[in-house]
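Chains as they are written, first to last, in my numbering: chain A, 3 to 60; chain B, 132 to 395.
Calculated directly from the structure, the hints in this document are not laboratory data. Glycine included, each C-beta is placed from N, C-alpha and C at the ideal position.
Okay, the calculated beta carbon distance ranges per label pair:
| # | chain 1 | residue 1 | chain 2 | residue 2 | range |
| --- | --- | --- | --- | --- | --- |
| 1 | A | S38 | B | G159 | 16 to 22 angstroms |
| 2 | B | V164 | A | Q39 | 21 to 27 angstroms |
| 3 | B | S390 | A | G31 | 38 to 44 angstroms |
| 4 | A | R42 | B | L170 | 23 to 29 angstroms |
| 5 | B | Q299 | A | L23 | 40 to 46 angstroms |
Partial list, computed: chain A residues near chain B (C-beta under 10 angstroms):
| # | residue |
| --- | --- |
| 6 | L13 |
| 7 | G14 |
| 8 | A15 |
| 9 | H16 |
| 10 | H17 |
| 11 | L18 |
| 12 | W20 |
| 13 | A21 |
| 14 | A24 |
| 15 | V25 |
| 16 | I28 |
| 17 | A33 |
| 18 | I36 |
| 19 | G37 |
| 20 | W40 |
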Amino acid sequence: MKLAWMFGSSLGAHHLLWAYLAVWLIQGGYAVWIGSQWMRSKKDSRAGVGFDSETEDS
Amino acid sequence: MTPVTILLVQSAYVRGKIEIVQRSRILGPLGIVWLGITLGVIAYATKLALFVAPTEATMGNVQRIFYYHVPTSMLSLLFPYVNFAASLCYLYWRRRDPLKALTADAVAISSAEVTVVYSTICLATGMLWGRAAWGIWWTWDARLTSMLLLWLLYVSYLMLRKLSSTGQTHTLAAVLSVFAAIDVPIVYMSIQWWRTQHPAPVFGGGADSGIDPSMKPAFWMNVLGWAMWGIFIMILRYALERRRQESEQEAALQAIEASLEIAK
Chain A
3 MKLAWMFGSS
13 LGAHHLLWAY
23 LAVWLIQGGY
33 AVWIGSQWMR
43 SKKDSRAGVG
53 FDSETEDS
Chain B
132 MTPVTILLVQ
142 SAYVRGKIEI
152 VQRSRILGPL
162 GIVWLGITLG
172 VIAYATKLAL
182 FVAPTEATMG
192 NVQRIFYYHV
202 PTSMLSLLFP
212 YVNFAASLCY
222 LYWRRRDPLK
232 ALTADAVAIS
242 SAEVTVVYST
252 ICLATGMLWG
262 RAAWGIWWTW
272 DARLTSMLLL
282 WLLYVSYLML
292 RKLSSTGQTH
302 TLAAVLSVFA
312 AIDVPIVYMS
322 IQWWRTQHPA
332 PVFGGGADSG
342 IDPSMKPAFW
352 MNVLGWAMWG
362 IFIMILRYAL
372 ERRRQESEQE
382 AALQAIEASL
392 EIAK
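Looking at chain B on its own, in the form it has when it is part of the complex (with noise of 0.2 angstroms):
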């Protein structure tokens, strides 16, 4: 039981928002259905960025790698936004009302997990892509430092809400996640206030951007898919966390009850 949780349900017993509520279930119907129309679009869009979308003239087959690596690269600096609103809604909430404070932290720790998941897939595919097509796996340019800081800092997150034990921890890391926010419009800017070696944006670039509207296709079905996929697990995610909570509430309440039988 962590000490932000006794915290927090001391403060909401002292309140009187106790009450019997269902558990929820990991994957209900609405889960399901929603998984298998994800795992179908992403492997549509996988058939189409490998056999239908054309071979580019100058880099070859290895360009497909971009179908990966764009849609989970833009989704990395997505869920940063999520985990930026719910860090804020905790720290407004954690004196107010307790209770959703814990939802908005739950939302914080899934969307931040979500974040390192594809920030993660987006260095590597990068580093797969730069060695085929530069000759090197990295190079310490704008873009691709600016996104390992950006991974770094949503590690350093997770790890302080896992090693910390303090009861000041989730605002500390509420703190971090406001800060590390700050790093992605930094990411999504840095190819156009620095020069960079990597490529310049695909759309909003200017007359020179842009993809071949034979590609098209490809491309935004594998955003749609990824997408739904990182929706999918950070609602996993989240259930998974409001379950620990619900059980680290049922401890926390014991106590609680047990200091007051013995106060008596």
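Chain A with its partners taken away, still in its complex shape (with noise of 0.2 angstroms):
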């Protein structure tokens, strides 16, 4: 199996497995606190007020 040499039991194989997970781990954490950040945010979907930086000074 493919596989085998990642599941083994050397250092190097426990360590290889564990540094790719680390990164799915950090990266989809992070992506999963960002979604979860915006579903608690209370906003509507409507049109709301807001401010234009490109409208003319009154």
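Once you've looked at the hints, go ahead and assemble the two chains, each given alone in its own frame, into the complex.
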């Protein structure tokens, strides 16, 4: 099996696996956090009052 | 509502820059397509790194950490410059055009967070590699120490923004980011300026540097994939920050209008 070396008992195999898992967990965790923050925000999807820097000074 | 938002909104209110705007979605059709392509590229790059690239003669399979470690390290030195540019824009616009300053501020915080994410990965994968290759988790050599310093600088940048509640928080954070950016070229040049345990640069390190041509597809595909992912999550975080700003602007606007009513 091609993955056998990854799940072997050597230090290098363990560290290779942990390194790849760490990357996916950190990146995925951050993306999930952004998504959860977005969902928690209480804004509705309708148009609201805001500001537009392109507007000419009155 | 942060004091800086109130100050900026008051300034914008006085200038009459108030308009109804449509709130942005977090993920439009282009974003979904971009995400799909990005995940495809990362999956293919991971396959190349784990199964196609040849096993390195000296270190064996643990060398495959290189295909994630080096691209994320390269990107952790690029996103600080986005933060640096956005912070300069914020400092320039904060009195001239507060609304543009808020946009620059949203870019600054999103790029700072992505910098922390990538530099954390750089340090974590580097330590895992170091333990397997050198027998130690950490050594205080110039490259590792300067990279740790970069991580600490951007973590302190985020903590400053999170914990400080004065009206000058965003300005102080922007100034801090200008100083933090100075560390980036030091990290990059550290392995040339000082004798370090860290390997020589893979590219541009002289006649003895470089990787075997059979390793290059896996390497560059990972650079592409993680760069696309970094851009994606930075835009995602930017959209979140803009939504927060809109929310704070609404609250600030209501507070200003209420105070004007009381004054009448």
